[in-house]
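Here the protein sequences line up with chains A and B, keeping their order.
Residue numbers for the first sequence follow our numbering, so the first one is 1 and each next one is one higher.
Residue numbers for the second sequence follow our numbering, so the first one is 1 and each next one is one higher.
No lab work stands behind these hints: they were computed from the structure.
There's no promise every hint is true.
[Said to hold, decoys possible] Simulated DEER-style distance windows between Cβ atoms: (1) A:Ser-267 to B:Ala-260: 52 to 60 Å; (2) A:Ala-298 to B:Leu-86: 48 to 56 Å; (3) A:Ser-230 to B:Leu-22: 54 to 62 Å; (4) B:Leu-22 to A:Thr-175: 37 to 45 Å.
These numbers were taken from a predicted model, which means no experiment stands behind them.
Just so it is clear, CB atoms sit at the ideal spot from N, CA and C, and this is done for glycine as well.
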Amino acid sequence: MSNTNKDKQAGHDPSVDAGDDGILWIGMDLGTSRTAIASSNGLRANTYSLVGYPKDVVSRKLLGDGPLFGADVIKHRLSLDVYRPLEGGVIKGSNDEGDAKSAEANMRAARDLVKHCIALARPEKDQLIYAVIGTPAQASVKNRKAIFDAAREEVDSAMVASEPFTVAYGLDQLTDTLVIDIGAGTADLCRMHGTMPNEEDQITITAAGDSIDRTLAKLIRKNHPEVQFSDNMLTQAKEKFADVSANAAKAVVKWPVNGKPTDIDISKEMKDACLSIVPPIVESLAKLIATFDPEFQAVLRGNVLLGGGGSQIKGLGDAIAAYMDAHLGGGHVTTVEEPVYAGANGALKIAHDMPNEFWEQLS
Amino acid sequence: MSRKLTFNVIHLLRGAARQESLERLKREGHRSVSVLRASDIETLLATAVDETLHALGLELQADSIKGLNEEARLRFMQLVKERDDLAATLESLRSQEVQLTTAQGSLRNELQRAESELSTEQVAGSSTMEQELSQLRAQLTEHLTGLLTGHEVAPALIAELLALVETDLENYRVLVAARVRREQNARITQLQRRIEKLRRKLEESDLLLARARAAGAEGLPFLADIGRPLQPGDPGYQHKRELLEEIFKLNVELQRIIAAPADSGTPAAAGTAAPPVGSTDPQAGSIRTNT
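So that you can see chain A by itself, here it is in the shape it has in the complex (with noise of 0.2 Å):
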């Protein structure tokens, strides 16, 4: 590939870019549960990290040959082969875990995930195509890897980035930040100071969405053992009733006992189960804050960035700030004004901002 005509700019820097319309730099955040693509052309867009197959010859005949994508496939599970190629903010199978089949059909999905996240980006016929995606921060070579090879065959040029990293490149807050990224699988901790943090400086924990949806299902079999519900109910009640400030609304769900539509309140279930990721979370901060420079702890502590999905939850940077100041004795927690878009921006920026000659090289 030609060096583009800015590069020729006079008294430009020839590596710093300034625009090229035969370029698409696309930020990905590619999460367990939902998958969120900015791209900039201007458009944004997000998608359950959900893909089905039409099960047999009449879901294709009524759905159509290719795959399904994120709401659809919660429409018409019951006629698709329904993936969720995505576990722990990594490709499912990519650390050989499970069984060879059932990895490739993961890989596949994945690759179809990012092949329709890129399509949403409506990159124009001819332009190349710069992908930045956010990873979880520890993912492995081999989840990178299966990363790499499912963004292939779609893009021109992949780069990934850690995804606390990437939030926190997006808001400018390289120094001295500590960054959560409560994703469905995981929540990544980061923290920022002034370099590229390398291993000391993240730490991956489990205690994250999905941790939330098990917990939730656990309490609410506990205390209500005549309720029926799915993992797709939960999951679509914690989206709209997750609160745990003093003032939260009830939770009350329309759920079915012994097959007729009951009134069920949940919202005790639901302050338990949300609040439940706050002490594992605190407790890394705590490590995070521990093993710094002791000068620039108190800076830290009230520099904290509360990003991913999970910061949906309403109250949470409140709670978490409250956990703080109990047991590490204060700190002020922010959380992003767009969670969903936080990672995809930040990494939209850093391809935005990446000499063009570095992504010639990777190409």
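Since the structure of chain A is provided, determine the placement of chain B on it from the hints.
Then chain B, alone, in the frame of chain A:
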């Protein structure tokens, strides 16, 4: 500050701005022009509003700011939807362009064929019939003359008989010619209508094609300006540049490890412990990169 306000101001500024082609600017001797991006305007407006509010001692309630942000977000989502619709239209126009180009080729061929049929029809028509009648007249005259001469019929009677035949033939010729002309005129009218219709179709497809091409060339309008990329002089340029370089190097290293053959003995390729990329801590089990 309200993003809606920013949006409106930018919209107004865009409306008030005039467009100059690069060629014209070049002709006028301009080598460079000052450019003010939407993001710059947004920053300027934000600063101005903040300073004004500060100077006036006004503080907006958090709820008001939240409300304004929500309104801007809804507006943005609406714009995204409109843009999606526009993108779908654009795509359909593009596919129409391909279909129209093919259809135009057939239309032109059909038009050419119809025009050639018309000119043949206009030239030919009654001349064939005239020729046939003239042949019939000659044959009849020859046969009748031969027949009557053998039977010693008076020449005056022969002449009278031939004149009668001639008259009937002429009447028949006029009758047939009129009918042929009517048919021919009907055919010509039909052909002319067809040609007219084909020309109209061609014009319509030309128009649609031009519109599809213009839409394709114009592409989709930008909804959001992601601003310019990092440039020297930006706050924290050097720092960010170093971070970007590091991300790049880590990705190069990652790709090198990924590309290494499985039997090369590199821990990453073998899927076992490997020295972490960008880290000095040789943690076993999985490689962790900094990015």
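We went through each hint and held it up to the structure:
1. A:Ser-267 to B:Ala-260: 52 to 60 Å: holds, 54 Å
2. A:Ala-298 to B:Leu-86: 48 to 56 Å: Cβ of Ala-298 (chain A) to Cβ of Leu-86 (chain B): about 51 Å, so the range 48 to 56 Å holds.
3. A:Ser-230 to B:Leu-22: 54 to 62 Å: holds, 59 Å
4. B:Leu-22 to A:Thr-175: 37 to 45 Å: About 41 Å separates the Cβ atoms of Leu-22 (chain B) and Thr-175 (chain A), which means 37 to 45 Å holds.
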